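*Asks:* This is what each chain is made of:
Number of protein chains: 2
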Amino acid sequence: MRTIIARFNIQPGKETEAEEAMKTMAAAVEANETGALAYIFLRNRKVPLEVAVFEMYADGDAFAAHGASAHMAAFRPNFGPLFDPASVKIDSLDRVAGFTR
Amino acid sequence: MRTIIARFNIQPGKETEAEEAMKTMAAAVEANETGALAYIFLRNRKVPLEVAVFEMYADGDAFAAHGASAHMAAFRPNFGPLFDPASVKIDSLDRVAGFTR
Chain A
0 MRTIIARFNI QPGKETEAEE AMKTMAAAVE ANETGALAYI FLRNRKVPLE VAVFEMYADG
60 DAFAAHGASA HMAAFRPNFG PLFDPASVKI DSLDRVAGFT R
Chain B
0 MRTIIARFNI QPGKETEAEE AMKTMAAAVE ANETGALAYI FLRNRKVPLE VAVFEMYADG
60 DAFAAHGASA HMAAFRPNFG PLFDPASVKI DSLDRVAGFT R
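The listed protein sequences derive, respectively, from chains A and B. Under numbering that gives the first Met the number 0, the first residue of the first sequence is numbered 0, with each subsequent residue one higher. Under numbering that gives the first Met the number 0, the first residue of the second sequence is numbered 0, with each subsequent residue one higher.
Hints were generated in silico from the structure; no laboratory data involved. Treat the hints with caution; some may be incorrect.
Identical copies look the same in the list; a pair holds intra-copy or inter-copy alike.
No more than 30 angstroms apart at the CA atoms, straight line, and that leaves these computed lysine-lysine pairs for BS3-like [as the list claims (entries may be wrong)]:
| id | residue 1 | residue 2 |
| --- | --- | --- |
| 1 | Lys-13 | Lys-88 |
| 2 | Lys-22 | Lys-88 |
| 3 | Lys-88 | Lys-45 |
| 4 | Lys-13 | Lys-45 |
Please read these numbers as outputs of a predicted model, since none were measured by experiment.
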C-alpha cells in the first residue's frame with residue numbers, strides 16, 4: 000500500500016478550469032489504473048484555492064504506473080497556467096490503522 | 000459528504016503508545032460509526048512524528064456523531080501525553096472529483 004497526500008494551490012481566477020482538469024484527471028485514473036484504490040481531489044473550505052489530493056495505491060508498481068501514465072503526462076502541464084508549481088507539497092505516508100468502506 | 004484531514008504530532012518517545020491509541024480509536028470508529036466511510040491514521044515517511052488522519056463521513060450528522068462518541072471522549076485525553084495539542088491542524092474539505100474502491 001502506498002498513500003500520498005499532495006497539496007497545491009489553484010491560480011487565482013482559474014478555479015473553473017482547474018476543477019475541469021481535476022475531474023478529467025480523476026476520471027482517467029479511475030478508468031485506467033486498477034491499482035489506484037483511492038484518488039480524490041479536495042478543496043479546502045476555508046481557503047478554497049488550496050487543493051489536497053488523497054491517493055492510495057495497491058503497491059509501488061501501481062504508484063509507478065500512475066506517474067508514468069498518459070493522463071499524468073497530460074495533467075502535468077496544468078502546473079503553471081492552472082496550478083501554482085511553487086506551492087506543490089507531496090507527503091508519502093504509512094498507514095497505522097483505519098479503513099475505507 | 001464531509002471530508003476532514005487532521006494533522007498533529009506524536010510526542011517524541013511516545014511512538015508505541017501513540018500507535019496503540021490510534022489502532023484502538025480506528026477500530027472503535029469502524030465498529031460503531033456506520034456513517035464513517037473512511038478513517039485512516041497515517042504517519043509521514045520523512046517525518047515519522049507527523050500524523051495525518053483522513054476522515055470521510057456520509058453527512059454532517061455522521062460527523063457530529065463522531066465528535067460526540069464515547070470513543071472520541073476516550074481518545075481526546077491523549078492530546079498532551081501522546082500527541083502535541085499545539086500541533087493540531089484540522090482542514091475541512093469539499094470533494095471536487097474522485098473515487099475510492
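*Asks:* Now tell me if each hint is right for this structure.
*Replies:* Checked hints:
1. Lys-13 - Lys-88: Both ways: Lys-13 and Lys-88 sit 20 angstroms apart in one copy and 27 angstroms across, limit 30 angstroms.
2. Lys-22 - Lys-88: This pair counts as both: shortest intra-copy Cα distance 20 angstroms, inter-copy 27 angstroms.
3. Lys-88 - Lys-45: both (19 angstroms within a copy, 13 angstroms between copies)
4. Lys-13 - Lys-45: within (17 angstroms within a copy, 32 angstroms between copies)
The structure meets every hint from the earlier list without exception.
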